[in-house]
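J.: Here the protein sequences line up with chains A and B, keeping their order.
Everything in the first sequence is counted per the UniProt record's numbering, starting at 1 for the first residue and increasing by one.
Everything in the second sequence is counted per the UniProt record's numbering, starting at 1 for the first residue and increasing by one.
It should be emphasised that the hints constitute simulated quantities derived from the structure, not laboratory data.
Since this is a predicted model, take the numbers as computed values, not measurements.
One or more hints might be untrue.
[Unchecked claim] Straight-line Cα separation of at most 27 Å, BS3-like style, residue types lysine-lysine; simulated pairs:
no.: 1; chain 1: A; residue 1: 357; chain 2: A; residue 2: 381
no.: 2; chain 1: A; residue 1: 16; chain 2: B; residue 2: 62
no.: 3; chain 1: A; residue 1: 51; chain 2: A; residue 2: 16
no.: 4; chain 1: A; residue 1: 51; chain 2: A; residue 2: 381
no.: 5; chain 1: B; residue 1: 147; chain 2: B; residue 2: 128
no.: 6; chain 1: B; residue 1: 51; chain 2: B; residue 2: 16
no.: 7; chain 1: A; residue 1: 236; chain 2: A; residue 2: 256
no.: 8; chain 1: B; residue 1: 236; chain 2: A; residue 2: 236
no.: 9; chain 1: B; residue 1: 256; chain 2: B; residue 2: 62
no.: 10; chain 1: A; residue 1: 62; chain 2: A; residue 2: 357
no.: 11; chain 1: A; residue 1: 128; chain 2: A; residue 2: 147
no.: 12; chain 1: A; residue 1: 16; chain 2: B; residue 2: 51
no.: 13; chain 1: A; residue 1: 381; chain 2: B; residue 2: 128
no.: 14; chain 1: B; residue 1: 381; chain 2: A; residue 2: 234
no.: 15; chain 1: B; residue 1: 147; chain 2: B; residue 2: 234
no.: 16; chain 1: A; residue 1: 51; chain 2: A; residue 2: 62
no.: 17; chain 1: A; residue 1: 357; chain 2: B; residue 2: 51
no.: 18; chain 1: B; residue 1: 381; chain 2: B; residue 2: 357
no.: 19; chain 1: A; residue 1: 62; chain 2: B; residue 2: 16
no.: 20; chain 1: A; residue 1: 234; chain 2: A; residue 2: 147
no.: 21; chain 1: B; residue 1: 51; chain 2: B; residue 2: 62
no.: 22; chain 1: B; residue 1: 128; chain 2: B; residue 2: 381
no.: 23; chain 1: A; residue 1: 256; chain 2: B; residue 2: 357
no.: 24; chain 1: A; residue 1: 51; chain 2: B; residue 2: 357
no.: 25; chain 1: A; residue 1: 236; chain 2: A; residue 2: 147
no.: 26; chain 1: A; residue 1: 128; chain 2: A; residue 2: 357
no.: 27; chain 1: A; residue 1: 357; chain 2: B; residue 2: 256
no.: 28; chain 1: B; residue 1: 256; chain 2: B; residue 2: 236
no.: 29; chain 1: B; residue 1: 51; chain 2: B; residue 2: 256
no.: 30; chain 1: A; residue 1: 234; chain 2: B; residue 2: 234
no.: 31; chain 1: B; residue 1: 51; chain 2: A; residue 2: 51
no.: 32; chain 1: B; residue 1: 381; chain 2: A; residue 2: 51
no.: 33; chain 1: B; residue 1: 381; chain 2: A; residue 2: 236
no.: 34; chain 1: B; residue 1: 51; chain 2: B; residue 2: 147
Protein chains: 2
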Amino acid sequence: MASYQLCVAPPEALLKPLSIPNRLLLGPGPSNLAPRVQAAGGLQMIGHMHKETFQVMDEIKKGIQYVFQTRNPLTLAISGSGHCALEVALFNLLEPGDSFLVGANGEWGRRAAEIGERIGAHVHAMIKEPGSYYTLQEVEEGLAQHKPVLLFLTQGESSTGVLQPLDGYGELCHRYQCLLLVDAVASLGGVPIFMDHQGIDALYSGSQKVLNGPPGTSLLSFSDRAKHKVYSRKTKPFSFLMDITLLANLWGCDDKPRMYHHTTPIIGLFTLRESLALISEQGLESSWRQHREAMEHLHSRLQGLGLQLFVRDPASRLPTVTTVAVPAGYNWRDIVDYVMDSFSIEISGGLGPSLGKVLRIGLMGCNASRENVDRLAQALKEALQRCPRHRL
Amino acid sequence: MASYQLCVAPPEALLKPLSIPNRLLLGPGPSNLAPRVQAAGGLQMIGHMHKETFQVMDEIKKGIQYVFQTRNPLTLAISGSGHCALEVALFNLLEPGDSFLVGANGEWGRRAAEIGERIGAHVHAMIKEPGSYYTLQEVEEGLAQHKPVLLFLTQGESSTGVLQPLDGYGELCHRYQCLLLVDAVASLGGVPIFMDHQGIDALYSGSQKVLNGPPGTSLLSFSDRAKHKVYSRKTKPFSFLMDITLLANLWGCDDKPRMYHHTTPIIGLFTLRESLALISEQGLESSWRQHREAMEHLHSRLQGLGLQLFVRDPASRLPTVTTVAVPAGYNWRDIVDYVMDSFSIEISGGLGPSLGKVLRIGLMGCNASRENVDRLAQALKEALQRCPRHRL
Ligand SMILES: Cc1ncc(COP(=O)(O)O)c(C=O)c1O
Ligand SMILES: Cc1ncc(COP(=O)(O)O)c(C=O)c1O
């Protein structure tokens, strides 16, 4: 039957059992799974085109409309992490040669700019130092100068800990015939967002942050304006997998019968459904409050330890991800390692423009509690005592 | 704190518990989860950059090398389903203007051709009627005429039930300076494949077929030839998420420290690891035998019911997915629905070129057993008695 002899043996490492430690995940994501979400991860498979799966997909759509506060029909989950939702947005909303304005005050804008360049857009990055956000005036200058078809902003800039305000930005963009795309991966559920009221044209978020789900799915919605741009493209998007017109059909967002496009991550849809059910039960306002309270408690405990917040302006601190200036004399990595090795708690260092400058602490979804803050504060206290401190 | 009032209420449908039925999945995929894989789906989260996750990734790489029978260092799992692996292959192996030869004897070649066109390759589809495969001579004619840089073939053409032979095709391609890309999504583990011996330059497969895992990850490996083509590209691939040089780094396939690229589907990595562990324990030869025996039993039971196999040539019948000609006078959908509604067994109709012509029966991984074949034969027998039969 076989034409050759086997030349690669079964790997020994796979003959040992899989063992995963318990960790408290207080980095910028993923966060721990909520118990109900974790249970859904252990469900059995059904087909991606079964009616029960379509029902789960419909429930997910409704759940996304709720957490995004939108009535957009073109609302769906993406079979991939936050980056996949970003690429779906850019691949569909930009055509080669389009002018694309990017708020690049941290890692996520950098990445949006890089993707824009790969697909042949004219990218105009508004570079700003990490720790700051974009004012309406700065955005207006960019719009007037570059006449973009699309502006990218990050609501929760998790590499720097900055919260970008969003009131008025959509309206401003529309005055300049520009669409507004917002990354809410690290902020959704932790701070208010109102897609429709705020005139956001494309909004995406992830499953593995405040929603306490496994990574592998993300949330995306397009306004009618964005949809119009997509459906009047002159070129097809480069990706078949990310073509929003095909995904819209699969998700029942058009009036044609659903057709097989790709196999959706069925178990990931179950877990996402449970994540959205949990936040629907809790209510958005209660979730926002929980995150604000956990943040306030964290800030006061950090101050008690003599630590300094990286973001100066209290109003622009992101509740879900707090950035702490690396304390003078310490190596950030020693602190991160100490907390992990001695307490099984994850916090993380900086990313991209904030690398080496900050420690990042995430309090997301069910992880955003006083108790977790107190556990972490205890761990940090010990880390500051035990980690080597270099003379300044 | 919030600038607007909530305008979208929590959806009622999400306030009800999630309930998923038990099904025997004997369609062309996904198949049922193996119990050990299902259990891994219920594990708790750890970080995507934790050392335990890297270890799981290393074990997955070794497992893929085993099931692919390859020593390629550039071997990794993709954070997406089979289509995602296909796009990663095409986005990286083709540049705009490249000549791309496609075996289009079913749905998967059509899709490869469509993606090739989207990214600006010159696509030459060798159209063949469904139910047939490509001979070495046909491929050689295509290579000589179109001088492609890449040839796409599907080993297990699950839309038609055809098994494409692979001995000699790699060597032939290389004589024409062409790389060979093979889709083994529906065949891996069910029939022999020898990536290195057969000179396959890029090979991918899925997690939700013979591997009995949830959809959402896929397997991919590049030969040194393919790698050379990628690393000497003149243009960057359109996708950042699918850029194999960045994925190679994340998967420890280069000699640089691993850097965050995107958040991998961590729980999906756990389940994939367990899938690969199971097939490593069983051994490939035993798995191939199991699928051949299950297929033979299925064919004899189908013949006993007076049903006809769609693929004429017995040697080119795919063991994992059997296509049955829709019996005269019946509507395929009635049969599929009857088996589902009365027995909770999934089989499926045709896809693309085989739509309306066939029923498709999948026997994959732990589903490939005599017992399941007997359950299905019983269900089909009843379906043939009960479903309406139109006069001919
Ligand atoms: C604000 C923000 N945007 C985008 C991403 C990227 O998402 P992913 O890693 O899920 O692809 C992240 C992930 O940390 C994020 O925090
Ligand atoms: C042979 C073959 N190739 C590719 C695919 C596509 O894979 P997915 O649906 O996981 O994207 C399938 C799925 O059924 C398949 O059978």
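J.: So which hints don't hold here, by number, going up?
T.: Hint check: 3, 4, 6, 10, 13, 14, 22, 31, 33 and 34 fail, others pass.
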